[in-house]
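With chain A's structure known, arrange chains B and C on it following the hints.
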Amino acid sequence: MGSFDTFLQQLFNGLVLGSLYALIALGYTMVYGIVNLINFAHGDVLMVGALTALSAIALVHSWFPGIPGWVLLVIGMLAAIPVCVLLSLAIERIAYRPLRSAPRLAPLITAIGVSILLQTLAMIIWGRNQLTFPSLLSPDPIAIGPATVTSTKLLVIALSALIMIGLLVLVQRTRLGRAMRATAENPRVAGLMGVDPNAVIAATFAIGAALAAVAGVMYASVYSVADFYMGFIPGLKAFTAAVLGGIGNIPGAMVGGILLGLIESLGAGYIDQLSGGVFGSNYQDVFAFIVLCAVLILRPSGLLGERVADRA
Amino acid sequence: MKPAATLAALSPRTRALAATVLIGMVLLVLPLAAGALGAAWVRTLAFAALYVMLALGLNIVVGFAGLLDLGYIAFYAVGAYTFALLASPQLTDNFPALARAFPDGLHLPIWAVIPLGASIAAGFGVLLGAPVLKLRGDYLAIVTLGFGEIIRIFLNNLNAPINLTNGPQGITLIDPVRIGTLSFNHPVAFLGLELSALQLYYYLFAALAVLSVLMCVRLQDSRLGRAWMAIREDEIAAKAMGINVRNVKLLAFALGASFGGVSGTMFAAFQGFVSPESFSLMESVIVLSMIVLGGLGHIPGVIFGAVLLSVFPEVLRHGVGPLQEQLFGRTLIDAEVLRMLLYGVALVLVMLYRPKGLWPAPQHGAPAAGSVDTGPGAVTSRSFP
Amino acid sequence: MSTAPLLHVDGITKRFGGVQALHAVQMRIGQGQIYGLIGPNGAGKTTFFNVITGLVQPDAGRFELDGRPYEPSSVHRVAAAGIARTFQNIRLFAHMTALENVMVGRHVRTRCGPLAAVLRTRAARREEAEIRRRAQELLEYVGIGRLGHLQARTLSYGDQRRLEIARALATEPKLLALDEPAAGMNATEKLALRELLERIREDGVTILLIEHDVKLVMGLCDRVTVLDEGRIIKEGEPGEVQRDPAVIEAYLGPAHAPAA
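For the protein sequence lines, the chains are A, B and C, in the order given.
Position 56 (the first sequence) corresponds to 56 in this note's numbering; numbering is contiguous.
Position 317 (the second sequence) corresponds to 317 in this note's numbering; numbering is contiguous.
Position 27 (the third sequence) corresponds to 27 in this note's numbering; numbering is contiguous.
Just so you know, the hints here were simulated from the structure itself, not pulled from any lab data.
It is possible that part of the hints are untrue.
Partner residues are not named here, just some residues of chain B that face chain C (Cβ under 8 Å, in silico) [stated by the list, open to error]:
| # | residue |
| --- | --- |
| 1 | M215 |
| 2 | S222 |
| 3 | R223 |
| 4 | L224 |
| 5 | R226 |
| 6 | A227 |
| 7 | E233 |
| 8 | D234 |
| 9 | A240 |
| 10 | M241 |
| 11 | G242 |
| 12 | N244 |
| 13 | L251 |
| 14 | L255 |
Backbone N, C-alpha and C define an ideal beta-carbon position, used for all residues, glycine too.
Just chain A, same shape as in the assembly:
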């Protein structure tokens, strides 16, 4: 493959990765924008979504072995989404809401605790070993120009794009969206205008969780594995993406996600050449962390600017 072809391939991979990051990042950014909290457990909600889908798919498949793959995929998502939404709502209600007026680090520590609890829960229910996520769509490679893609990866990009557009419409055009934006900007004033901040915050968590559920199922489909720890690294990277785009900024999270995916994919693809063989693609994860540190140190408000609640 010529180097331009490699570049295109890495570009495509980056787009796939970036779409996933964007979906997850949206959950982080919306929550931070509205309650100034890094929802550390968000990545683990993704994990629960993936594993729930896996169980649902396995169950349905055992009942009806003839069902086509894409139906199973839909069933998986339909199972994952409500579970994640309910889980996220419960977490918000039980662990975060009581600490809303506490200094910001208290809920962060709680969030870490919740993250661990979710992981142990997953360990108990699904065991500690890596489980295989079945290949539901046709695994045959499709050639798009010089790049090779699979239908799963195409689905990721298409689905993510659709969801992001849908979210933008929701936030800009609907009543709920207006309420979310108002509460994000100034919760007290929004309350005075008749918006119920608790309901809006709950809705925000729910939407984020739904996105994470979809992202989790897609992530597991692309990488064909799922285990109790799978949410941590993507979660951290998605948070990086959210900060990169500007925390609290919804288009920012989308841009940040895609950009981070591209950086990571191209970086991993070329680091071998760039470093003269010293660093290989196994350092891929380091890219996201370097981006994180760089952004926070050099331009903490992100590329598109942050939108954080005025906690006056």
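Quick look at chains B and C alone, frame taken from chain A:
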């Protein structure tokens, strides 16, 4: 005279002395009692002492200075790998030039290990701290977490093109502690008792832990300790009073890191083997839960938390397995998972119901009449960002 | 009293976005003076304070403290240079005791580092005892000597203001900059404050004061600068400032300007 009255009649100084002597005696006798129960318990005690040191170190950063470091375990790793590289065949096996320079192998003695581990870790502390100090609280936490992960990834991957850390397999054949001619890898006769290697390590670690406590107490009641407290309370006012906040925060990072580094070197010697697996985020979180549960910023609380959260899971491990067999016929939740569950629950419950910890500092100065007491405690103080 | 000014600032300009907060403000404060800075709300008084104490970086300006050029570019160096301040909203170390608050004030004039602290050297112990002694002394100086062991946030409002002054004095300032020290005080407390400030001046510390209580300022200050919308509209002795039509107009509006 009734015992209570006798106690009250003693001056605070005498009481403190008596308490110290009592604790000292307990510390001395503990491993002998534990040894009777089984070597595993002595091992637990030794680890408890190591965790006390780690917790005290993290307490300097989080409790005293108010900086949430989620990557603290990286300093532990630095200390461990420093000793591992300088007291094992790893470097001589992979670098012929070194093998020629040190034909007997690299065997760094303990009196060099401790200061070296402390200073290298402190160096990393400054390296980490310098760019991130101006970040606000939650961002600082995430960046430090990222740093911790970066260190782990590097340790995991520095086995090619040159083999420094031996990657995921880790470094083995690390020397045990050697004090003079005494090597901590076989039992020793002392005052008519036979002390196992494990018990020797316990005594060493306990001594180091006691030293750490002493250091922390002195730091707390010093000019630097007050500067840390001031920064935690109100950073702007602290600056206006002439405190170089940046340097004082860096000192917190460096000192906290040095505790981690020393513990790390001891861990490497104790275990004889290090691998990146031992230095994951979970370990950082464990140390954090110890100080949060115990009482952030309060030295006795921190010690309590460290001992509780390192001993209790072992108790659970021994009790819960058979219990589950009895109740359910099989083990539903194995000990490792239970341990993690414990840490998660501890963090959440503490933050919700006892944010200042189980043993917080007593009321710092009496309140004036009619005031509401919430007491000191980094996480709940107004200006903890 | 020496003729060289203690603090001489010139051309202080600061813009916040669209607002010109300060426009070429200048000030000369003589040694041993009590100098007042007054003006209507929003005039830029606290901004000026923040500029000379390094909390806000000006767009332009020259500074001279005690005859030497002075760079308030980092806040912590300001105290070392000799300017100590209090805050409009009282920024005490809430959970530390009153005594500890003042002990923190000694930080900039003391040197004991972590090594000495851990080793408990004789020098460290001596310095620590001296810090404690001096802090207690300052608490008594401002009149709250008995409250040292109490948590700062539990003190009464007036006592908290005094504590803040004691803490500032602990840094051995040449210039004590007080941001509305009398805010929220009743007449008795204001009298006590006035006595305290005069005593401080007698003991060789120059004072710069932002205040809204015009009577207090007029009775206490040697000279006054009046700021309005970022510009100086009058500088002089209290009497002449009080009678100046521009000043009256700034405070009360044009209708009140006395007939020329």
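Status of the hints after comparison with the structure:
1. The interface hint given for M215 of chain B holds, since its Cβ lies 5 Å from the closest Cβ of chain C, which is under the 8 Å cut-off.
2. Satisfaction of the interface hint for S222 of chain B is found here, the shortest Cβ-Cβ separation to chain C being roughly 3 Å, below the 8 Å cut-off.
3. Residue-level restraint check for R223 of chain B holds (minimum Cβ-Cβ distance to chain C is 5 Å; threshold 8 Å).
4. For L224 of chain B, the interface hint holds, the least distance from its beta-carbon to any beta-carbon of chain C being 5 Å, beneath 8 Å.
5. At a threshold of 8 Å, the smallest CB-CB gap from R226 of chain B to chain C is about 5 Å, leaving the interface hint in force.
6. Residue-level restraint check for A227 of chain B holds (minimum Cβ-Cβ distance to chain C is 6 Å; threshold 8 Å).
7. Restraint check, E233 of chain B versus chain C: the minimum CB separation of about 4 Å is within 8 Å; hint holds.
8. About 5 Å separates the beta-carbon of D234 of chain B from the nearest beta-carbon of chain C, less than 8 Å, and the hint is met.
9. With a least beta-carbon distance of about 6 Å to chain C, the hint placing A240 of chain B at the interface is held under the 8 Å criterion.
10. Because the beta carbon of M241 of chain B sits about 5 Å from the nearest beta carbon in chain C, less than 8 Å, this interface hint is met.
11. Checking G242 of chain B against chain C by beta carbon gives a least distance of about 3 Å; that is within 8 Å, so the hint holds.
12. A least Cβ separation of about 5 Å between N244 of chain B and chain C falls short of the 8 Å threshold, and the interface hint therefore holds.
13. The criterion of a C-beta within 8 Å of any C-beta in chain C is met by L251 of chain B, whose closest approach is roughly 6 Å, and the hint holds.
14. Contact between L255 of chain B and chain C, as hinted, is supported at the beta carbon level, the nearest pair being about 6 Å apart and thus within 8 Å.
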